[in-house]
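In the order they appear, the protein sequences are chains A and B. Residue numbers for the first sequence follow this note's numbering, beginning at 1 and rising by one. Residue numbers for the second sequence follow this note's numbering, beginning at 215 and rising by one.
Misleading hints may appear alongside valid ones.
[Said to hold, decoys possible] If you want the ones that stay clear, here's a sample from chain B, every Cβ over 10 Å from chain A, calculated:
#1 Asp230
#2 Pro236
#3 Gly254
#4 Arg281
[Stated by the list, open to error] If you want the footprint, here are the derived chain A segments under chain B, 3+ residues with CB under 8 Å:
#5 39–47
#6 144–156
Simulated from the structure, these hints should not be mistaken for lab results. For glycine and all other residues, C-beta sits at the position ideal for the given N, C-alpha and C.
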Amino acid sequence: MTAKLARAVTGLAEACLGDHRREWALAMRTELDAAIDDGKPLTFAVGCLMGAVRDMPTHAEGRFTLTSHVVALGLFPIAAMLIVGTASGFPFLPSGHAGIAGWLAGSGAPSSLLTPWNRGFAPALAVLIWALIAGHLLMPWFIVERNWTRVGTLARVNSAATVTLFLFTGVLFLDMAFMVLPMAALAIELLASWNLYRWQADIFVDAPPGMAGT
Amino acid sequence: MERNRRPSKQMLRLLDALSTTPNEWRHGYDIMKETGLLSGTLYPLLMRMTDQGLVEAEWREPAQPGRPARHAYRLTAQGLALARTTIGERSSSGFKEVPV
Chain A
1 MTAKLARAVT GLAEACLGDH RREWALAMRT ELDAAIDDGK PLTFAVGCLM
51 GAVRDMPTHA EGRFTLTSHV VALGLFPIAA MLIVGTASGF PFLPSGHAGI
101 AGWLAGSGAP SSLLTPWNRG FAPALAVLIW ALIAGHLLMP WFIVERNWTR
151 VGTLARVNSA ATVTLFLFTG VLFLDMAFMV LPMAALAIEL LASWNLYRWQ
201 ADIFVDAPPG MAGT
Chain B
215 MERNRRPSKQ MLRLLDALST TPNEWRHGYD IMKETGLLSG TLYPLLMRMT
265 DQGLVEAEWR EPAQPGRPAR HAYRLTAQGL ALARTTIGER SSSGFKEVPV
């Protein structure tokens with residue numbers, strides 16, 4: 001059991017070392033057998049992992065991996081804001097407050113953003129915004145996987161959903177200020193994913209993003 | 215690039231271990247046991263020293279049949295020169311390594 005756990009930890013160390021240190025990763029893996037024979041596989045494996053993590057900022061691939069994880073973690077609060085906002089009536093549910101200032105302050109008199117004539121659109125809009133939230137939640141996962149084909153597809157879907165939301169908000173004469181958060185979320189997401197894509201293309205000139213695993 | 219920084223305590227320990235039998239290829243785990251360095255210290259040190267041209271690494275056939283080839287290390291001429299310099303400096307300053 002300890003040996004299996006040690007192999008898993010060594011595998012994690014190999015992933016942290018990346019292509020840049022592939023040979024060293026294999027060296028650690030083969031030395032693990034000696035550590036198992038010696039009865040100290042976990043100590044050896046954890047040490048390798050710590051060494052691999054410490055080595056990451058010293059090379060471009062490691063810095064890229066660390067940054068993509070930070071970006072992925074940074075995108076979660078954006079999706080969380082949309083979820084919390086939706087739960088408190090954002091942006092079209094009848095329990096919403098009048099105007100964004102009233103909604104933020106929580107002191108505005110509650111008033112329905114949807115009128116009797118546009119209330120029929122509420123289910124479609126609710127589905128749209130929940131689809132958008134799902135898209136924002138999936139994006140960090142694809143970024144960490146470096147699956148740029150899926151990142152690209154999801155970016156187009158999220159853009160289309162946000163633009164549709166924007167258009168319907170205008171058509172239904174709803175408060176456009178509520179669109180600030182979805183638009184900002186989309187802009188941050190697109191900017192971050194595009195920059196990571198370009199960065200990876202620079203690092204792996206011989207193997208452009210999207211060649212493997214797609 | 216020339217090294218300006220003084221070798222760390224861990225690096226001195228590794229230089230000492232590798233310079234005792236400079237022509238012999240040594241495996242990572244054996245070096246760990248001999249120097250008392252943990253894998254989290256030894257491997258980054260070996261990587262850095264290999265990048266600096268102080269250590270050379272090679273895949274060697276294992277002693278036990280059926281096992282995969284193992285990575286082995288030894289000092290380069292530059293590494294050996296550094297090891298001898300540091301040993302000379304320490305002996306002239308009366309430095310004594312405390313066993314761990």
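Hints and how they fare:
1. The beta carbon of Asp230 (chain B) sits about 20 Å from the closest Cβ of chain A, which is more than 10 Å, so the claim that it is off the interface holds.
2. The non-interface label for Pro236 (chain B) is consistent with chain A: the shortest C-beta to C-beta separation is roughly 20 Å, beyond 10 Å.
3. Listed as outside the interface, Gly254 (chain B) is inconsistent with that label: its C-beta sits roughly 4 Å from the nearest C-beta of chain A, within the 10 Å cut-off.
4. The beta carbon of Arg281 (chain B) is not kept farther than 10 Å from every beta carbon of chain A, the shortest such distance being approximately 6 Å.
5. Given as covered by chain B, the segment 39–47 of chain A passes the check, having 5 residues with a CB less than 8 Å from a CB of that chain where 3 are the minimum.
6. With 0 residues having a beta carbon nearer than 8 Å to a beta carbon of chain B, the segment 144–156 of chain A misses the requirement of three or more and the stated coverage is violated.
Hint check: violations occur at hints 3, 4, 6; the rest are consistent with the structure.
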